[in-house]
Amino acid sequence: MADSTTVTVAAAPEAHAHHPPHLHHHFVSSEQQFDAAKLGMWLFLITEVLLFSGMFVAYTVYRVWHPEVFADASQLLDWRLGALNTIVLLASSFTVALSIHFAQKDEKEKVVVLLLLTLLCAAAFMVVKYFEYSGKFAHGVFPGAGYAPFGEDHGLNYADFDFPYAPQFFSIYFVMTGIHGFHVLIGMGLFTWLVTRVIRGHFSAEYYTPIELTGLYWHLVDIIWIFLFPLLYLI
Amino acid sequence: MSAATHSDLSQRPAIHYLNHEKGLWSWLTTVDHKRIGIMYAIVVALFFLVGGIFATLVRVELSAPGETIMGQDSYNQAFTLHAVIMVFLVIIPAVPGILGNFVLPIQIGAKDVAFPRLNLASWYIFMAGAVLAICGWLVVGKVDTGWTFYTPYSSEASDAVLWMTSAVFVAGFASIFTGINFVVTVHKMRAPGMTWNRLPLFVWAIYATAIVQVLATPVIGITMVLLFLEKFMQIGIFDPALGGDPVLFQHFFWFYSHPAVYIMILPAMGIISDLMGTFSRQQVQGYTFIALSSVAIAFLGFLVWGHHMFVAGQSAISSIIFSMLTFLIGIPTGIKVFNWVGTMYKGSVWLQTPMLYALMFLFLFTIGGFTGIMVGVLATDVHLHDTYFVVAHFHYVMMGGALIALIGGMHYWWPKITGKMYNETLGRIAALLVFVGFNLTFFTQFILGSRGMPRRYHDYELLLEQFPEFAPLHFASSIGSWILAAGLFLILFYGIHSLLRGKPASQNPWGAVTLEWTHTTTPPDPHNFHHTPLVTRGPYDFHLADDVFGPFHTGDGAGDGVGEVTEAPKPEEA
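Chains as they are written, first to last, in this note's numbering: chain V, 21 to 255; chain Y, 42 to 615.
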């Protein structure tokens, strides 16, 4: 108590000199604020894991009940496109990690370039996903009640895939990759926002919390894809 | 802090959190946790009124056999809306939203929660969820699925169900963000000296609750998304007609909704711990056990969801395992009840209104808990499932537990929040009405249920030939609900009276020793403390009364001399 009194008295006339603009009044120090933000982000990521866990459970249940359906239906998914997207996302995780590294070193230009590269990778992912989705829709492969495959592509006769529980597989595929894709879109929005803030000079070696937190988020989006890719495309 | 500040009304601050900014806009844009707590209080009170009106309508319909005031369709909607509103818009947000927001940061010596803007966002998200629910009900159509939204009915029923499930999804995010905020606040924002074993037990309870909110709520989120897609595009996950599995929906639903009952009851237990300590003027017995039993309940709560599905077609082995795990919940709960009773033993129990509610909680929650064990037993559950016995059980836990504790906590912190005292005599009369009304309403339902009265029936005329006792029991239950309603309206009345005409409260009218009473003014400063407190003692160290209240305290450290009944007992010297 005595300490805080003396500090308040001594610091009062020059309070702003000791008070970096990013520090909110209810925190004692930048470290406390950073630690709090990071813990909050980790907790949020846990909620994301649990959100996806519901879908992974649905996947597991239907896979255990109908393993042959999952094995057959997954032939319609092109593992090469899935692998391409995996590489793209892994690369973007690398670039975003580097951007945090350079943010810590206060090298603004590199941060901007790396964030833009990350944004580019995310966009590439969505473009590939767009071609995958539209390829499916073109052959009547829709989620749920709209499932009515027809036509031929890559040596596969789509009509052969109209067997029981195939709609469930594609429902699960579209819901899981759809919600994952939605997360990628959110990430793209965040990276755009970050780039504008970096250019406006909001960050420094002392304060780069939003970049770090978005990086954490992006790694999670990446990790979820790393599970989705083998479960849906490969096995 | 010296003795004079505690019961001296001249120490009331000129500037405090209620008047430092004025106007509606300053409230709608505030990031002050205290003001956000009040905003939750207002909306939760409104929804409690609406949900209560639906409950009363349900009881009026059932007061006599045959159609009394509404037909079966309206009845199905009435009990659905009663449940959806009470569960998602009242009990889940109530204690964390109102008291957690207001009290927790002050109790740990923080200026605010870790993320004040997120805190405000939570309130708006909650309101968005509430608006969706109201739109679904008023504009789109009828919702008569029950609050559980079981498939396949819910995926075939009216489009209003889409709105309701969206509402649950959106309101869930408010719950998640509140939970994240509180976990981080407790971890990172404690004042110097506020070690984990000096946290008030209310903080421990909110902390355990927040963990459950963070871990369980996303699952109801994805469940609602899948249900939405099931109805919207027939994805065939839950709907048996499309090859889906309705039991999977029940698993998903209860994986959240069982932990959710601990989201509802754990904060209530925290309130009771604080009330027991303060109004027994003693260290809370078994502090560590109460604190860790909250965490144990939070953990075990995730392992027992299958006990809602004993007759839903899950395997016998699962049922046996879920049943045994359910019994385990009784252990940490029993530890708490035992320690609360022990806290009163040889204490100087001061029967002010908040303590009356704490005692009421002990009775009602214990009945609710024991009957919970009864329905957790496989063989009895087969008989009791979907009867009024279950209805009575969860009302004893949710209303007799969670809401009674909330009412007790609101009385306890009312002077700190509003700066006004309420009428103690009316408070006691209301407590009596609530106690009598509640037991008359719901104890009769135990009897009804054990004789086989099924839940959710709009009428029981055809059952009377075989069970003539249903008619008087239902009638008694309805009479009880009106007494209960009278008690609650009395609380509303003297609450408003207190706001308008209440006598000013001193800094510490109860002589409590947690920081919100000893280190802040009444009402608190906008930044809670003038100086960050340096904590040197535990939250219930009544044996240190000399240190806490100063050497010249009048011997009780309690009482404003403003209430009608302020003869506080002397704390026992250690």
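Quick caveat, the hints were computed from the structure, so don't treat them as lab data.
Hints may be right or wrong, so weigh each one.
[Said to hold, decoys possible] Here are the simulated distance ranges between beta carbons:
{"hint": "1", "chain 1": "Y", "residue 1": "ALA169", "chain 2": "V", "residue 2": "ALA165", "range": "45 to 51 Å"}
{"hint": "2", "chain 1": "V", "residue 1": "GLU226", "chain 2": "Y", "residue 2": "ILE94", "range": "52 to 58 Å"}
{"hint": "3", "chain 1": "Y", "residue 1": "ALA169", "chain 2": "V", "residue 2": "THR216", "range": "23 to 29 Å"}
{"hint": "4", "chain 1": "V", "residue 1": "SER154", "chain 2": "Y", "residue 2": "HIS228", "range": "55 to 61 Å"}
{"hint": "5", "chain 1": "V", "residue 1": "GLU129", "chain 2": "Y", "residue 2": "SER359", "range": "40 to 46 Å"}
[Claimed, not checked] Some chain V residues close to chain Y (C-beta under 10 Å, calculated; not the full set):
{"hint": "6", "residue": "GLU68"}
{"hint": "7", "residue": "PHE194"}
{"hint": "8", "residue": "TYR227"}
Ideal Cβ placement from N, Cα and C applies to all residues, glycine included.
We went through each hint and held it up to the structure:
1. Taking the beta carbon of each, ALA169(Y) and ALA165(V) are about 30 Å apart, not inside 45 to 51 Å as hinted.
2. Between GLU226(V) and ILE94(Y) the beta carbons are some 55 Å apart, a value that agrees with the proposed interval 52 to 58 Å.
3. Look at ALA169(Y) against THR216(V): about 27 Å separates their beta carbons, and that is inside 23 to 29 Å.
4. The beta-carbon spacing between SER154(V) and HIS228(Y), approximately 46 Å, falls outside the hinted interval of 55 to 61 Å.
5. Between GLU129(V) and SER359(Y) the C-beta distance comes to about 59 Å, which lies outside the given range of 40 to 46 Å.
6. Of the supplied interface hints, the one on GLU68(V) holds, with its beta-carbon coming within about 7 Å of a beta-carbon of chain Y, less than 10 Å.
7. Contact between PHE194(V) and chain Y, as hinted, is supported at the beta carbon level, the nearest pair being about 8 Å apart and thus within 10 Å.
8. Annotation: TYR227(V) was flagged as interfacial toward chain Y, and the flag is violated, the nearest CB pair being 16 Å apart, outside 10 Å.
Figure legend: structure checked against the earlier numbered hints; hints not met, in rising order: 1, 4, 5 and 8.
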